[in-house]
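A.B. asks: Next come the chains, spelled out residue by residue.
Number of protein chains: 2
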Amino acid sequence: MKGNCIIAQSGGPTSAINASLCGAFLEMSVNGDIGKIYGGINGIQGILEEKLLDLRPILNSDNQIKLLRQTPAASLGSCRFKLKSPEERPEEYAKIFQIFEKYDIRYFIYIGGNDSMDTVYRLGEYAKVQNREMIFMGVPKTIDNDLVGTDHTPGFGSCAKYVATTVQEVAQDNMVYDMDCAVIIEVMGRDAGWISLAASLARDKENQAQCDLIYSPETPFSTERFMRDLAAVRAQKKQALVIVSEGIRDDQGKYLSDTGITDSFGHQLLGGAGSVLADLVRRELGIKVRSIELSLLQRCAAHYTSATDLRESEELGRFAAKGALGGLTGKMAAIRRLSDDPYQTEYVYADVSEVANAVKTVPAEYFNAARNHASYRGLQYLVPLITGSNEILLEHGLPIYLNLASMYTHR
Amino acid sequence: MKGNCIIAQSGGPTSAINASLCGAFLEMSVNGDIGKIYGGINGIQGILEEKLLDLRPILNSDNQIKLLRQTPAASLGSCRFKLKSPEERPEEYAKIFQIFEKYDIRYFIYIGGNDSMDTVYRLGEYAKVQNREMIFMGVPKTIDNDLVGTDHTPGFGSCAKYVATTVQEVAQDNMVYDMDCAVIIEVMGRDAGWISLAASLARDKENQAQCDLIYSPETPFSTERFMRDLAAVRAQKKQALVIVSEGIRDDQGKYLSDTGITDSFGHQLLGGAGSVLADLVRRELGIKVRSIELSLLQRCAAHYTSATDLRESEELGRFAAKGALGGLTGKMAAIRRLSDDPYQTEYVYADVSEVANAVKTVPAEYFNAARNHASYRGLQYLVPLITGSNEILLEHGLPIYLNLASMYTHR
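Chains A and B, in that order, are what the protein sequence lines are. Position one of the first sequence corresponds to residue 1 (our numbering), numbered consecutively onward. Position one of the second sequence corresponds to residue 412 (our numbering), numbered consecutively onward.
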């Protein structure tokens, strides 16, 4: 089907989301049916404001593609705008499809998480009802690794590699003084503990785990159990290292650190579970405790990514574009794992309707029996995702980026 | 002079301190006069407990040296033990020199900051008074870059590179949403603002600074001035990025975040200047604000170091050992800069008595007139220190380390 195309990005940034953009763009750009390839600035929210950037004149060399691939965060800009139903917001749907018509858009590729897949689903359904000949395709993206329908999500592998490496480094730092102390590292993960699980990859040369305890949202958190676990660690060694997901909560579902603030999606804003625990340990044990929140760093550390993750992110972008060009709609490009070692995968298409709004938590068998570390099975799952490094182009000692959203603003 | 040697590490960790250990060891190991080369575990505090590790059998291959070089934090362990005067603690001096005699130690090389140089000075003076034929030599180390007598300190370049890169990444992340927001990043620096100054290196392709405002301890901090500065930034753009040193204080010398706790050196424990400012901005402007504390990450990020820094750190270790073998005592190996571009330096020996306990703050001319960013002169100083990258040996996707202190514990 001849026509133009929009590629856009949505949801929280990752350091691999632009690799997916590269893949989708490159696949689209060599197809004779495709005219203009627009970047949608700030996702569907920007598209509603007709913020479209013609990508072909910009992504016109290998070097530009390389820069885009190594740029952290969504180069096109992102949004946290969740499309409501056509019944609730008929004017939004009318506006979007008016813009699609104005720019002769036939293909819409959305790189994002489960909220974004909901958008892909809704737009696709609306197009069917309205008899619009259009293709809607999703590419997964989230450091949280919590999308159903795919073995793992682009962005997670790089986040896992960064977190595991950081844990290794902090563990070295934490043991330099001959004194009793503890570090508590808080990682992202509201409902799923994938990122905290990744900390279990941190090992020394003798394959000893470098973090002692891991707490994820999958298991109700109890401060009594935590203090018992910590006492057991401290019976063996002076320095303890603990990882907590931001979303840990008690058996009543109450978050350890409940700020009482919600974001525009109605999700509760969290933060501080690590510092709450650090205060507790300081008070109860009187030892030196530091709490470190990895915050944005864990999702934008493009200087240190997983080669596997970036390769897969780009290939999934290509695979989504291929499917779209082949006439598939309402699908998300996804990864099916065939084996852990050797690591083998194939790409498949998942129904966005099944991905939308669902959350994939860490399976019970990926945790140890005490639910405070990864099991061997969990490690088998994680290891392939962090292998390989990516070379980064530097100028004056620092990485250089291609930010498409600023090019739009300053065009 | 024939005899044995101790090399030890002290003070806060860096990601380059083990490169200096490599340099000192390698230089000592090929000299025919030197018998055993001991690693002092946990600095002078561990030496007092006779914690010595024979390094030759361990550092016996290029691969082991390579692993040691890429290991973050003090591989030998460190201490925050400050030696008092011989009058105050005669028994400590007697004990240390008894151990020196027992192990036939003729050379003592201490890698550390200004407190450690004070130790080198005191031990050297005591040896003179006691007519002990011994050499005491210092190698500088601190991410804080606040030692006098040297153009810059090993460890700072890697920290600066990490901080500038992180600022670039967070800047990309901070601009993905089309909304008013701010990020405040807190970096280390109690009395000197070198690390916050390094954030000014963060640039985009058009050489625009990626952090908008920088506040260092050198200039008394005023919240009124800060809010005015921020308003000026926000008049130009939606997203602001601010860097603060942990040690910013008002014109009365009161720290922005005064915990009221002091460490064993009597230094005030700080932390939270960034979150205090974030609270202020949230309250006054009602925009989304995140505060990020780089905490230990900025000093142990061995996965991403400056090639210049690691090379110089190792060379200074060698230079210190060379001087020691040549009979120099009471000195610290130091860097003298000859030119910025091309970057040229020479190594010299500074008197430890001049380095001990002194602090080198950022010169006024390295700041802009408003004292909230680097000047061109400041950038000229910083740029050469972060150039070049180091390849890291990985296993299963993660760096591998050589931790000598744990080898001592588990020997």
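A few of these clues could be false.
Claimed, not checked - Distance condition first, Cα-Cα at most 27 Å in a straight line; then the derived BS3-like pairs of lysine-lysine:
no., chain 1, residue 1, chain 2, residue 2
1, B, LYS477, A, LYS66
2, B, LYS477, A, LYS36
3, B, LYS447, A, LYS205
4, A, LYS237, B, LYS493
5, B, LYS649, A, LYS82
6, A, LYS254, B, LYS699
7, B, LYS495, A, LYS288
8, A, LYS82, B, LYS699
9, A, LYS95, B, LYS477
10, B, LYS665, A, LYS288
11, A, LYS84, B, LYS699
12, A, LYS205, B, LYS477
13, A, LYS238, B, LYS665
14, B, LYS493, A, LYS288
As the list claims (entries may be wrong) - Reference listing, derived: stretches of chain B covered by chain A, where coverage requires no fewer than 3 residues with Cβ under 8 Å from a Cβ of chain A:
no., region
15, 487 to 500
16, 573 to 583
17, 608 to 618
18, 712 to 718
19, 722 to 731
20, 797 to 811
Treat the hints as calculated values from the structure; they're not laboratory data. Ideal placement from N, C-alpha and C gives every residue a C-beta, glycine not left out.
A.B. asks: For each hint, tell me whether it holds in the structure or not.
C.D. replies: Hints, verified against the model:
1. LYS477/B to LYS66/A: Not satisfied, since the Cα-Cα distance of roughly 30 Å exceeds 27 Å.
2. LYS477/B to LYS36/A: 51 Å, violated
3. LYS447/B to LYS205/A: 26 Å, holds
4. LYS237/A to LYS493/B: Between LYS237/A and LYS493/B the Cα gap is close to 25 Å, so the pair holds against 27 Å.
5. LYS649/B to LYS82/A: Holds. LYS649/B to LYS82/A sits at ~22 Å (cutoff 27 Å).
6. LYS254/A to LYS699/B: 24 Å, holds
7. LYS495/B to LYS288/A: Judged against 27 Å, a Cα distance of about 24 Å means the pair holds.
8. LYS82/A to LYS699/B: 19 Å, holds
9. LYS95/A to LYS477/B: Between LYS95/A and LYS477/B the Cα gap is close to 60 Å, so the pair fails against 27 Å, i.e. violated.
10. LYS665/B to LYS288/A: Judged against 27 Å, a Cα distance of about 24 Å means the pair holds.
11. LYS84/A to LYS699/B: 24 Å, holds
12. LYS205/A to LYS477/B: OK: LYS205/A and LYS477/B at ~14 Å, within 27 Å.
13. LYS238/A to LYS665/B: This hinted pair is violated, its Cα atoms lying about 34 Å apart.
14. LYS493/B to LYS288/A: 19 Å, holds
15. 487 to 500: The restraint on the region 487 to 500 of chain B holds, since 4 of its residues have a Cβ under 8 Å from chain A and three suffice.
16. 573 to 583: holds (count 7)
17. 608 to 618: holds (count 5)
18. 712 to 718: It holds: at least three residues are needed, and the region 712 to 718 of chain B offers 5 whose Cβ sits within less than 8 Å of chain A.
19. 722 to 731: With 0 residues in contact (Cβ-Cβ under 8 Å with chain A), the coverage given for the region 722 to 731 of chain B is violated.
20. 797 to 811: Answer holds; 11 residues pass the 8 Å Cβ test.
Consistency note: the structure conflicts with the earlier hints numbered 1, 2, 9, 13 and 19.
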